[in-house]
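If you read the sequences in order, they're chains A and B.
Residue -18 is where the first sequence starts when you use our numbering, and the numbers rise one by one after that.
Residue 25 is where the second sequence starts when you use our numbering, and the numbers rise one by one after that.
Since the hints were derived computationally from the structure, they do not count as laboratory data.
Backbone N, C-alpha and C define an ideal beta-carbon position, used for all residues, glycine too.
Check the hints yourself; a few may be wrong.
[Claimed, not checked] Here are the computed distance ranges between Cβ atoms for each label pair:
1. 20(A) to 80(B): 36 to 42 Å
2. 147(B) to 57(A): 33 to 39 Å
3. 78(A) to 132(B): 20 to 26 Å
[Stated by the list, open to error] Interface residues of chain B toward chain A, partial, derived using beta-carbon atoms under 10 Å:
4. 61
5. 78
6. 133
7. 139
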Amino acid sequence: MADPMKIRAGLKGDLVDVRVLMNHPMETGQRKDGSGNLIPMHFIQEIAVKLNGKTVIDAQVSQGVSRNPVFSFRVKGAKAGDKLEISWLDNRGERNSTETSLA
Amino acid sequence: MENSRRNTLKSAAALAAAMVAGILRPQDVLAAWNKDAFGQKTLADALKSLGAAVAADSNDIVIDAPQIAENGAVVPVEITSNVPNTRSIVVLVEKNPFPLVAKFDFLEGGVPFVKVNVKMGESSNVRVLAEAGGKYYAAFKEVKVTIGGCGG
């Protein structure tokens, strides 16, 4: 699950439009596999958006978010060259994090 | 006896060191997943767990979601809160097995806007709460689902 996230960040003035795609199965624990066994829960629980290391948006999510989640966020007070970092943590303790420079 | 006392002291010291390390990283503490609220199976219980049982209807919360979703596995929901000083946006799908889908906290620099794809098992209201100044404001939008998204 450590596939990198895809981040697209567009800077307009001091406002950043961020779109992020995370590769994750977001299993609800209610689906069954081919042989009728329940597929265990496996989903992202926490997401943080940071601008230059400072958290600007902090989210908690459930298995009710679609597979391979896509989020759009907006951050203000940014300028070219700033670092935008997005990270997640899932219910198995797996983590992923990606950083991009604003242009 | 002497030995076990020393071990106890040692583990207490280790625990204290771990706690200090924890306090030094407030980011990790900040985002403790709300197991109780996410585990609730009805809208009323989820709202109660969030401390949001009382919420005033508001036109300042704008929800953009399809009236009819062909695929319940991916229903795009875009939310903008125009409630002044919005600190959090909460998204619930009323008829899902676990209604609470997400809670977004906006700190300095975060704009109270989010777009998220949610799963919907059946036609339901998508309820959105905005928290500002310790109070909750609410709005909802009905989405009809033609194919549920929670089976497979």
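Right, here's what the structure says about each hint:
1. 20(A) to 80(B): 36 to 42 Å: Holds, since residue 20(A) and residue 80(B) (Cβ atoms, about 40 Å apart) stay within the stated range.
2. 147(B) to 57(A): 33 to 39 Å: Given range 33 to 39 Å: holds, Cβ gap about 36 Å.
3. 78(A) to 132(B): 20 to 26 Å: 21 Å, holds
4. 61: Holds: closest Cβ of chain A sits about 9 Å from residue 61(B), inside 10 Å.
5. 78: 21 Å, violated
6. 133: Residue 133(B) check passes; min Cβ-Cβ to chain A is 4 Å, inside 10 Å.
7. 139: 4 Å, holds
The structure does not agree with numbered hint 5 stated previously, though it agrees with all others.
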